[in-house]
Structures are given as C-alpha cells and as structure tokens.
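*Asks:* Protein chains in written order, with the numbering used here: chain U, 132 to 504; chain G, 132 to 504.
In case anyone wonders, no lab produced these hints; they're calculated from the structure.
From a predicted model like this one, the values you see are computed outputs, not experimental measurements.
Please note: incorrect hints may appear among the correct ones.
Copies of the same chain look alike in the list, so a pair counts if it fits in one copy or across any two.
To be verified - Taking lysine-lysine pairs in the DSS-like style, the calculated list, with each CA pair at most 25 Å apart, reads:
| id | residue 1 | residue 2 |
| --- | --- | --- |
| 1 | Lys305 | Lys325 |
| 2 | Lys380 | Lys336 |
| 3 | Lys325 | Lys380 |
| 4 | Lys336 | Lys325 |
| 5 | Lys502 | Lys138 |
| 6 | Lys207 | Lys294 |
| 7 | Lys341 | Lys305 |
| 8 | Lys193 | Lys138 |
| 9 | Lys294 | Lys502 |
| 10 | Lys336 | Lys207 |
| 11 | Lys207 | Lys380 |
| 12 | Lys305 | Lys336 |
| 13 | Lys193 | Lys336 |
| 14 | Lys207 | Lys341 |
Protein chains: 2
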Amino acid sequence: MAFAPSKLYVAVVGVGLVGSEFINQLLSIPPQGSPFHLISLTSTTRTIFNHTNPITSASSWKSVLAGSPDRPDLAKLTQQLSALVSPTQKVALIDNTSSEDVAAMYPAWLNAGISVVTPNKKAFSGDIALYEQIIAASSCPTGARFLNEATVGAGLPIISTLKDLVITGDKIVKIEGVFSGTMSYIFNEFSTGKPGGPEFSSVVKVAREKGYTEPHPADDLNGFDVARKLTIISRTVSSHSHTPVSLPKLQSFADVQTTSLIPPELEGIPTGDAFLDRLPAFDARFAQMRADASAANQVLRFVGVVDAVSGQVRAGLERYPTTHPFATALGGSDNIIMFHTERYGARPLIVQGAGAGAAVTAMGVLGDLLKLV
Amino acid sequence: MAFAPSKLYVAVVGVGLVGSEFINQLLSIPPQGSPFHLISLTSTTRTIFNHTNPITSASSWKSVLAGSPDRPDLAKLTQQLSALVSPTQKVALIDNTSSEDVAAMYPAWLNAGISVVTPNKKAFSGDIALYEQIIAASSCPTGARFLNEATVGAGLPIISTLKDLVITGDKIVKIEGVFSGTMSYIFNEFSTGKPGGPEFSSVVKVAREKGYTEPHPADDLNGFDVARKLTIISRTVSSHSHTPVSLPKLQSFADVQTTSLIPPELEGIPTGDAFLDRLPAFDARFAQMRADASAANQVLRFVGVVDAVSGQVRAGLERYPTTHPFATALGGSDNIIMFHTERYGARPLIVQGAGAGAAVTAMGVLGDLLKLV
C-alpha cells in the first residue's frame, strides 16, 4: 500500500535576512529525509526557476541567484508554479518580503492551488477586501492553504495555538500581550515598578543603537506593528469560530484603537535623528506616567488587547501590578501573550519568548511549511 | 482543478472523561465544515462501527454505544479500519485510554496505514522496543502518522513546539519545567519562598480532596508521571534531530533519574488513606528542606530536566530563586516549560498553563487530529 506523496515544491520570494535564514534552515534538513524540493528563488533583482534540478546547496544558492540573467517576474512565476500543481504534486510559495505588492498576489496563487506561507503581516492586517479574498481562496477545493504563524511572535506558537483553541470549540475571552519586541525592551528598561529610572528618550536611543527599533523610532512608537498583529489575531478568531464572536469587523489595522506614543508635537518629523533630538523635551511627560504607576505599585507596558467580551481591539500603554507576569516574567525584548479562554478559566495559557529576529522568524515560516506535508 | 479529499474517518477507543469530551468537541464542529466522519466508538464493554452512517449527535452517541450488542474487539476493529484505508481515504484511530494493551496495537495500526492520535503516555514512555516499532511504522510509505501532543501538558503546545525547533535545525540546550499539575499545586502551596507555611502532609491531603492527586497520592509523589513525560520529550528530540544529540537512549521511563518524594518508610503502603495517615510523621523533613531553601531566597519545585549538554534526564525536587519564573509565574496547578535553545539564547521560549483536565487534554488530541487534514 505504497502511496508516498511527491516532495513539495517550494518557491521563495524575498531573500533578505529572514529569507536567507529560511533557505539555510530548509537546506539544513538532510536531502534524503527532506519533504521539500526548493525550485525557485526571487530577490528584488533576480530570479531562478528550475523544478527538474532543485537547489540543494546552502553555500552556493546566493551566487547561483546572483548569476542568473532573469529578472523577477511574479506573473511568470505564477504561471510556472501553476503548471506544476496536480492532485499528486503540492506547491508552496514562501513570501519572505514585507511587500504589499507581493501580498496582493496571494489570492491568485491560492486559487491556482499554490499554498502560501509568510511572515509578511501586510495581507492579513491590511484592507479587508484582500483578507476576504485570501479566506475565500484558501477554502477552495484546490486544497491550497494560507499559513502565517510567523506574523505574530515569529517562531512562538501563537497563531497555531489560537486556531487550535477556537477550532476545537474553546471560547476566547481575551487575548492580551506584549506583541512588540521593541516596546517590550523599552518599557522593561523604563518602568520597573521602582521609583525613578532612566529618561524615556535615553531608553529609546539605546534601543535604536542596539537595533531594536526601526531606523526611525516613530515607526515603532506609533503602535502600528502591534495594531497589525491584533488585526491578524482578531480576524483569525472570527474566521475560525463555529459560533458568532463579539469582535469588530476591522476594515484594516487602522480600525484598531491605537494610542500612539509619539508626542503630537513630533508627528511627521522626517528623520530618526531629528526625532531623537527632540524627544527629550517630552521626557517629563513619560516620567510622570511612570511615577503615577509606581506609586500604585504598577508598571507601564505597551500592550495589545483583543477583548471578545467588550468587543474591543486596542493597542496602547497600560498599567499592570508589579506582581503581574507582564512585570515579573518579562525581560529583554521578549513577547508574552496570554490567552484567557473558557477552558483555561482563571489562569490563562501563556506563551513567551523572543518575538523577533531572523532565526526565530524563519523557524516560524518553516514550521508552517512542515504542516503542508 | 477540484481534488477535494474525502473526509477523514475517525475511530475512538476509550470514552471516559477525556474520550467523552473529545467526542463532544469533535461533534461541535458544524457538520458541513467538519473534515471528519466519526465512524466507530469503543468503550470497555461495547463497540459500534458504521462508516456509511457516521455518528453526528453529541446528545445521543452515549446511548447508541450503550445499546450496541457488540463487544470490544480491537483485532476486528483493525481489520475494519484497514479495509477503508486507500490513497484517497485517510483513517485515524484515537486512543483515549491509558491502556498498555491498546498502546501495543499502535505499530499494527500504523503499518496498516491508520494514523494514531493519543494522550496515552504508555507507548512513547515505555519499553524502547515498542517505541522503535512506532517510529519505524510512522515513517512508512503508508503516510500514517503518530501524534501525541496531549501526552505532555495536555492542550499546551509542547510537543509541536519541540518538533518545530528541532526539525528546523535549532539546537536544544536544556528543557526544564514543572510537568505535573499535581506537583505544581503541592509546591506552589507548600513553598513560597517566605519562612514557614503549611505542613507538607496537609497540602497533600487538600490536593487529594480537590481531586488534584490520584486516589493514592504516592502515584503522584513517586515522580513517574514526570519521568514518563521526560522520556517522551527526550525521545522526541533524539528522533527529530538531524545531527546527533547528547541524550541517553532511554530503555524506558525507568531510566530517568527520578527522585521520589515518597519517604522510604512509606513505600508500598497499599491505600491512599493509610499513606496519608502516616505522612505527617515526615513533615519535619519537608519543612527542613523548605526552611533551607527560603533561607537562601529559594523555593522548592518538583521539576523535570532534559539536559542536552550534560546528557542528563532527571526528575526531582530542585531549588529555584524566588525571582525565577518557576517561583513568580506559577500558580494553581499550572505546568510551565522552558525551552533553552541555541536560537532562543539567553532567554528561553516558555509555555505555561493548565496541563491536565479533560477539556484541555481533549483539545490537544483534537488539535493533533486537525493536523491530519
């Protein structure tokens, strides 16, 4: 009774930090045991496609790609991959970019029977039309699937845990967490529950020097990254529940009630350097919030909350007792996510750990890909 | 390009607390969207099998099973299920028992192409011969898979996270955790880091009254439950790693270095009541250990450790600083598991939450079953 499936064909778009790490992890699986054939790579300037002679060398793929005469062409790639899909041949495309343009291709790929795996938050946190097209296309009889574990918490099991809870009939009460590694680091340093501490601007400056923030720190302090992750979580709950859920139908991540940390006076400052030069003028404001919190034995944390009781999805600075896991258990740039559900009752299910970085993000992507085989 | 797979046929053996909850969760998936057909149930006294008219009613399956004239017959069930397996028809057997006899059937089922999903620890933590037969049979070209997420931490994502880490090439440094809900409750109550506290025997007595221990508390205090879970973890790491791992080849869970909490004088006491009557005579011993720990700002926790550096797999009472997550983050009867790996560096990946109970155990089983479709 031998019906061994063919190896899954894998095409990778995006070979930056995460993409390179992903390819290296994929190729670290010994070939004889690997369920994958890596048949295509696409960077911003080059592409290769060869399904009869898959890529197997972690040491040479970069030079092979660099030496290719072919320019990236997603329409052509779609045709090439579509032609390979059959009842006995699965094909997956890995989007390791953060591109809106690539995300816009997902429905076409899924409809062609090509599974899509990605750490790119754009599609599932963006316009609802694209999101709904993806949902529709991934429930088609082609069997193609859309998997995005690494969009929230990188390699941490967040999306898969959420799906398991909801699909098996648990009721989500509230999901709350520190979803941004940058925000985690900043407030773990800034607000410890003890009186005093470093100035807010100096913590942000050090975070930027350590590479924890974007080049322009406002791109973290605006809270949009957290709002995008909450949108993905909220939509995942709604789309997998068997019964109606009291969560808003978010038109995009802009619908999340997000309280930016950017002082209104500093909105629109064009460069990160200029922004940091002016941030100290607002240190007293942040110090006052910290003092108010510590006087009440509390810490400040920038959290995201998906509340399925009140129907609220919000991102912003909140206060937690110094005995709360967000105060006691966090450190470094860890993410921590609490799942409050009917089954887990008074004590939530908690997942914690590094929620960013190429190695753990690539692992989240490869973990998803392994679910397809 | 329509090639929708047939619905997965599911047979359930064991309809006790976990089994009943599992069946109810499975049947809570709306029929039109369910990827499953529940075709067989087997209790200790009855069995039903009907693949042309699957079970769909959560309210009537118990009476239908109770009214069946057919006695359990695993050999016959094996034949019936084997006959249904085909390249287009997957079949899964769910073992919701804790039976060694049922566990002994896994290789035969897997070799027949029947996937096996179970919260039963016996097979993977028992004799190495059975374990190796399961590994061999689940890598056969039949495509049948063996999944056992719920054997460790019930519904918590422990085994799946471990597999993802190892298969994607991360290096396990150490896995340590509080793996027993019973032990968690006992030591969260007994040892808080502050001087004094309740007597050990009184904590065990209350734990038993609350249903947290087995009827005979020695069945928890011997540490075997933790040793079994460590065996499953250690074997899972070894069998999924691409490179050699410094972990011992455990012949069975008896090879785990387990330090029992049963005072030697109380070994072999036949009943739980008699055991509890005599336990207070040893309270001073436990109080002394607690006093030594709290004098050093430490707490006592019964932990399991799989150390891939020293090659040690051990279960026993250890001391942790009062600032450690095992002291600060734990409460109730929570499990907590820390994955120290190369990628997660200085700060481990942590999963925490209820690690026992019918609802969350059944969820772990159903989550595995969903991976098959």
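*Asks:* Compare the structure with each hint and give your call.
*Replies:* Comparing the hints with the structure gives:
1. Taking the shortest Cα distances, Lys305 and Lys325 never come within 25 Å of each other, neither inside one copy (28 Å) nor across copies (33 Å).
2. Proximity of Lys380 to Lys336 under the C-alpha cut-off of 25 Å is found in neither arrangement, the shortest distances being 37 Å within a copy and 50 Å between copies.
3. In the homo-oligomer, the alpha carbons of Lys325 and Lys380 never lie at most 25 Å apart, since the shortest distance is 40 Å inside one protomer and 49 Å across protomers.
4. When the C-alpha separation of Lys336 and Lys325 is checked against a cutoff of 25 Å, the pair qualifies only within one copy, where the shortest distance is 21 Å, while the shortest distance between copies is 39 Å.
5. Taking the closest pair of Cα atoms, Lys502 and Lys138 come within 25 Å of each other both inside a single copy (13 Å) and across two copies (18 Å).
6. Taking identical chains as interchangeable, the C-alpha atoms of Lys207 and Lys294 are never at most 25 Å apart, the minima being 34 Å within one chain and 35 Å between chains.
7. Neither within a single protomer nor between protomers do Lys341 and Lys305 lie at most 25 Å apart by alpha-carbon distance, with minima of 33 Å and 27 Å respectively.
8. With identical chains, the CA atoms of Lys193 and Lys138 are at most 25 Å apart within one copy only, with a shortest distance of 23 Å there and 43 Å across copies.
9. Taking the shortest alpha-carbon separations for Lys294 and Lys502, both the intra-copy value of 14 Å and the inter-copy value of 11 Å come in at or below 25 Å.
10. Taking the shortest alpha-carbon separations for Lys336 and Lys207, neither the intra-copy value of 45 Å nor the inter-copy value of 70 Å comes in at or below 25 Å.
11. For a Cα distance limit of 25 Å, the shortest separation of Lys207 from Lys380 qualifies neither inside one copy, at 35 Å, nor across copies, at 51 Å.
12. In this assembly of identical chains, Lys305 and Lys336 lie within 25 Å of each other by CA distance neither inside one copy nor across copies; the values are 33 Å within and 34 Å between.
13. Taking CA atoms no more than 25 Å apart as the test, Lys193 paired with Lys336 passes in neither setting, with 34 Å inside one copy and 64 Å between copies.
14. In this assembly of identical chains, Lys207 and Lys341 lie within 25 Å of each other by CA distance neither inside one copy nor across copies; the values are 40 Å within and 64 Å between.
Of the hints listed earlier, those the structure fails to meet are numbers 1, 2, 3, 6, 7, 10, 11, 12, 13 and 14, in rising order.
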